[in-house]
Amino acid sequence: MICSMKNIICALYLLSSTAMVAQAPSGDLIIRNGTVLTITKGTLEETDILVQKGKITGLGKNLKAPAGIKEIDATGQYIMPGIIDAHSHIAIDAVNEATHPVTSEVKVGDAIDPFDLSIYRALAGGVTTSHAMHGSANAIGGQCQTIKHRYGVLDPSAFKFEGAARTIKFALGENPMRVHGEGRGVQPRTRMGVERVIRDAFQQGLVYKEKWAAYEAEKKKNPNAPAPLYNERNQTMADIIDGKIIIQCHSYRADEILMLLRVLKDFGVKKITFQHVNEGFKVAPELAAFGAMASVFSDWWAYKFEVYYSTAYNATILTRNGVVTSINSDSGELIRHLFHEAAKTQRYGDLSDEEALALITINPARQLGIDTKVGSIETGKDADLAIFSGHPLSIYAIPQVTIVDGIVRFDKAHDPADMRLYIDPQESSPTYYGQEDVEGCMRDTEFMFSHRH
Amino acid sequence: MHTGKVLLRSYLSLSYTHHSLTTNSFSKLCLHHFKPFCSMRKIFLLPVFILFLTGLASAQPIDDDLPQITGCLALVNARVVASPGKAPVVSTVVMRDGLITQLGPNLKIPADAYRIAADSLYVYPAFIDAFCSIGINEPENGDGQGNRGSQRPTFDADGNPPLEEAGITPYKSVRATFDAKEKSIADWRAQGFAIAHVVPKGKMLPGKGSIVVLSGKEADQMLWKEDVSMFAQWTGAGGGYPSTVIGIMAKWRELYHNALQSVAHQSSYDNATLISRPKYNQAHEALMPVVKKEMPVYFRAPKVKDISRAMSLQKDLGMRMIITDAEEAWYLKDQFKLGSIPLVLSLDLPEDKSEKKAQAEAKAKGPEGPGQDGPGQPGPKAVKDSLGAEVKAEAKAEAKEKDNDSTKTIALDTVTFDPEKEAFEKKRAESLKAYQEQAGVLAKDGIAFSFGTMSVKTGDFSKNISTMIENGLPTETALKALTTQPASLLGIEKYCGTVEVGKMANVIVSTKPLFEKDAAIKYMVVEGNLYAYEVKEKKKVAAKKTESTSSGPLDGIWDYVVEVPGETQEGELEFITIDGELTGTLTSEDNTTGNDRTGKHRHRWKNSHVYI
Numbered sequence: 012m013i014c015s016m017k018n019i020i021c022a023l024y025l026l027s028s029t030a031m032v033a034q035a036p037s038g039d040l041i042i043r044n045g046t047v048l049t050i051t052k053g054t055l056e057e058t059d060i061l062v063q064k065g066k067i068t069g070l071g072k073n074l075k076a077p078a079g080i081k082e083i084d085a086t087g088q089y090i091m092p093g094i095i096d097a098h099s100h101i102a103i104d105a106v107n108e109a110t111h112p113v114t115s116e117v118k119v120g121d122a123i124d125p126f127d128l129s130i131y132r133a134l135a136g137g138v139t140t141s142h143a144m145h146g147s148a149n150a151i152g153g154q155c156q157t158i159k160h161r162y163g164v165l166d167p168s169a170f171k172f173e174g175a176a177r178t179i180k181f182a183l184g185e186n187p188m189r190v191h192g193e194g195r196g197v198q199p200r201t202r203m204g205v206e207r208v209i210r211d212a213f214q215q216g217l218v219y220k221e222k223w224a225a226y227e228a229e230k231k232k233n234p235n236a237p238a239p240l241y242n243e244r245n246q247t248m249a250d251i252i253d254g255k256i257i258i259q260c261h262s263y264r265a266d267e268i269l270m271l272l273r274v275l276k277d278f279g280v281k282k283i284t285f286q287h288v289n290e291g292f293k294v295a296p297e298l299a300a301f302g303a304m305a306s307v308f309s310d311w312w313a314y315k316f317e318v319y320y321s322t323a324y325n326a327t328i329l330t331r332n333g334v335v336t337s338i339n340s341d342s343g344e345l346i347r348h349l350f351h352e353a354a355k356t357q358r359y360g361d362l363s364d365e366e367a368l369a370l371i372t373i374n375p376a377r378q379l380g381i382d383t384k385v386g387s388i389e390t391g392k393d394a395d396l397a398i399f400s401g402h403p404l405s406i407y408a409i410p411q412v413t414i415v416d417g418i419v420r421f422d423k424a425h426d427p428a429d430m431r432l433y434i435d436p437q438e439s440s441p442t443y444y445g446q447e448d449v450e451g452c453m454r455d456t457e458f459m460f461s462h463r464h
Numbered sequence: 002m003h004t005g006k007v008l009l010r011s012y013l014s015l016s017y018t019h020h021s022l023t024t025n026s027f028s029k030l031c032l033h034h035f036k037p038f039c040s041m042r043k044i045f046l047l048p049v050f051i052l053f054l055t056g057l058a059s060a061q062p063i064d065d066d067l068p069q070i071t072g073c074l075a076l077v078n079a080r081v082v083a084s085p086g087k088a089p090v091v092s093t094v095v096m097r098d099g100l101i102t103q104l105g106p107n108l109k110i111p112a113d114a115y116r117i118a119a120d121s122l123y124v125y126p127a128f129i130d131a132f133c134s135i136g137i138n139e140p141e142n143g144d145g146q147g148n149r150g151s152q153r154p155t156f157d158a159d160g161n162p163p164l165e166e167a168g169i170t171p172y173k174s175v176r177a178t179f180d181a182k183e184k185s186i187a188d189w190r191a192q193g194f195a196i197a198h199v200v201p202k203g204k205m206l207p208g209k210g211s212i213v214v215l216s217g218k219e220a221d222q223m224l225w226k227e228d229v230s231m232f233a234q235w236t237g238a239g240g241g242y243p244s245t246v247i248g249i250m251a252k253w254r255e256l257y258h259n260a261l262q263s264v265a266h267q268s269s270y271d272n273a274t275l276i277s278r279p280k281y282n283q284a285h286e287a288l289m290p291v292v293k294k295e296m297p298v299y300f301r302a303p304k305v306k307d308i309s310r311a312m313s314l315q316k317d318l319g320m321r322m323i324i325t326d327a328e329e330a331w332y333l334k335d336q337f338k339l340g341s342i343p344l345v346l347s348l349d350l351p352e353d354k355s356e357k358k359a360q361a362e363a364k365a366k367g368p369e370g371p372g373q374d375g376p377g378q379p380g381p382k383a384v385k386d387s388l389g390a391e392v393k394a395e396a397k398a399e400a401k402e403k404d405n406d407s408t409k410t411i412a413l414d415t416v417t418f419d420p421e422k423e424a425f426e427k428k429r430a431e432s433l434k435a436y437q438e439q440a441g442v443l444a445k446d447g448i449a450f451s452f453g454t455m456s457v458k459t460g461d462f463s464k465n466i467s468t469m470i471e472n473g474l475p476t477e478t479a480l481k482a483l484t485t486q487p488a489s490l491l492g493i494e495k496y497c498g499t500v501e502v503g504k505m506a507n508v509i510v511s512t513k514p515l516f517e518k519d520a521a522i523k524y525m526v527v528e529g530n531l532y533a534y535e536v537k538e539k540k541k542v543a544a545k546k547t548e549s550t551s552s553g554p555l556d557g558i559w560d561y562v563v564e565v566p567g568e569t570q571e572g573e574l575e576f577i578t579i580d581g582e583l584t585g586t587l588t589s590e591d592n593t594t595g596n597d598r599t600g601k602h603r604h605r606w607k608n609s610h611v612y613i
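Protein chains in written order, with my numbering: chain A, 12 to 464; chain B, 2 to 613.
A portion of the hints provided could be inaccurate.
Unchecked claim - In the SDA-like style, the derived pairs of lysine to any residue whose C-alpha atoms are separated by at most 25 Å in a straight line are: (1) A:K230 <-> B:A265; (2) B:K338 <-> A:A169; (3) B:K428 <-> A:Q246; (4) A:K66 <-> A:T383; (5) A:K232 <-> B:S269; (6) B:K304 <-> A:K230; (7) B:K427 <-> A:D426.
Keep in mind the hints are simulated off the structure, nothing from the lab.
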């Protein structure tokens, strides 16, 4: 499969489609005669999908297409909406600003890495959008960034999902306790401390909000009134209280999940998705009553004490209780087979095809505030599509083509061995072989523990 | 990359009489002295070690000041290239009291002039360094590691470390750490530089840059225009906030907004009544000229992502920004074409690490080559220094490579043909070429740029310029980027950058046209002060070549680890023997996550646990 000529051609192709442009690139194409899994509107057999300027403009049989448009024959193949990963850390160069228990002002969107090969690997698994999250070192971490996998574009800002909701990482339990309590000798050292830190931060946000409101009022009378000190940390907390940001909270235990719900109630905050939420099945009715959402692993737990207890039925129980639930990867490897992860809910819980696929499409879209744009195949939505050789919930299905905004970003038929866009001339060996960066929640925090013992 | 480099360079560029020591005793001595230094970070031991060596030193005069008998100097009948692109014209240059006072053929030379018969020599405007840390002598104690360890960290009311620890010192000036006797001043002057835009050392906002004349005995004579720029970079505070690029970005936004508010508050306080006194904040105060767009920000952004991020910050906040020390600007040339953000290119180039090169070096060394008892396998290579007076032999022993498992695997792989490996080598070669072609490609696209020496070793300067010229950089553009371009960037084009009457008496006197093979600097005149250099004959050079390839017992790249309770810092210590003179550099790692240059750093954590 390795042919250097092919590499070059591919690199050229990529570069030509990548010139730095202010607007995200989009394309036109038509997919013919596939089985379309719309997620929201059932399954359509032998159907065409017309894409113009990156949007789905037609859905039906024997559609007329403009002359010369790129055509993909999907006879015998399945088309589903591009998969959405609600929890990942790929494509960013910094995950944790772990030097303070509250860092609501930092934004991982400032550290997008357009060269991260993980983006291409995710595309190869049909994933078109991921939620690049701040890590879980701090009780209140930084703001996350929903990105589209436009691999090949060099401008980092062009990866940002236009119009996506603002999201922020919160973290309960052992990670913030360890990093700050043990690592730095500051609050929080216990679960009680985590609650205290979060309450204090909200309180600061309220005080800040009032200060600025008073200033704005004063300014009307006296245009020379001095402004209070600008503080993006507190401003962000105020924005959460004002419902402008969806909280994405790293959590495991039922008790701490209920604790946060109480805190949010006290501050009038309504928008939250719990991440991991391994004991979510214990408090599913409470989550549903609050309107909280949940993003879980299919079948992964017991990797540390606070996540000792969970079940592979978690996603099903949450779904059956009316909680908007998604299955996420939190990993540059797992992201490539989220369709397998979703399929596990049919073995553990008997979810229907549509319910299982919703876990990796429309549900994460709802959690990220992008469900009007992606997550299902409907006219008017973004042409983010994944074509599979078989039904994506079958273990035999293989992703064939992945499309973002009408542009083919992955094609199994043209998949060169070396897809790097950035090559370090001093690299001593091909490090891209088999190497996977640690993409976990706790990246960039190791130095916080270095002085222990 | 920031810590200790200058510290050691200044100490380590020392001479010793090689033959007066036996190989064994010397290496023992070094190990003995270096281990404690490394593990305990007792820096005071280093000077002791240096003193010991300098005691044996045979001084090597390169550019001793000639006593100035008269304030008038005449370069008689030289071939003068008055500005970039001009053809050489035979003229006499008369300089008095630091200025060029007369220029032309058949001049009446003043009677008190010190005359130099320059009829076989070329005169050029001396170089202006757009971005560097020449002359900064800073024993670094806050070296990006924050306050980890047994001590409890100190925080302000918001739980953030104090400004100094956070690396937010925009109020600092070059003067505080500028040392007129610092070795780099003479070194860079010998390479043709007369003026330098110097910035202090530090973390995210180290302080303000100043324009320095590279001649004089004390700082007051040399510091010409102080606090002309704000220096910023993507270097985090290590253990303290901000430690990552995302933290630095957030901090920038906060500082900028508050500086803007401070400007408004101050103006209200001055012009209206019943306004409370503005609370003084050193950082906000220092950033006021930046938010008023009176002072440009020189953002150090070597890698493409560094540049993208700096540009997006500029877009958000609107400061005047200059991208400096750029190594990968061609990725974003469409943005630079717009011309709104000036560019200072790095003069550093990546090393050729290909196998072919390694094999060629190994062959050049020969089977009976020295250095078998050294830490590695030195592959010495004679390099002609086209500008400087000397030929330097560069011996790079890559002890690290030898221990590296991956290199071993590669060695085995070469037995059989590996198409994957071939493809990799090809891509790497193309990538290397892209760096070498950067200046040429940008020039072709009409993008104006200056050069800065911040990241290049003195010894690599002319070699790298030559490489760039071989890869498409026109010599005229090269000269521009070293003279008129930085002059207008720094707003000093009225005073320097060309050889004209009324300009500062800053000229290079070269044996051949600049950038030509075998060209060497014979004299430097900096603000009228004359520096003479010994120009060696080519024959001598050839004879010396064999001798100079002998490598010292310490030659090679040494890994070091500094361990203090609670943290370790690793880096490389490189020793090179050149004509029996031991020199070297210490390179440490930048601790900021999210920077390109931390790739190494991240890999080190590869085997750590994944926390979820």
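Against the structure, the hints come out as follows:
1. A:K230 <-> B:A265: It holds: about 13 Å lies between the C-alpha atoms, which stays within 25 Å.
2. B:K338 <-> A:A169: Judged against 25 Å, a Cα distance of about 19 Å means the pair holds.
3. B:K428 <-> A:Q246: 47 Å, violated
4. A:K66 <-> A:T383: Within the cut-off at roughly 12 Å; holds.
5. A:K232 <-> B:S269: Measuring from Cα to Cα gives roughly 14 Å; hence the hint holds.
6. B:K304 <-> A:K230: Violated: B:K304 and A:K230 sit about 44 Å apart, past 25 Å.
7. B:K427 <-> A:D426: Roughly 19 Å separates the two Cα atoms, so the pair holds.
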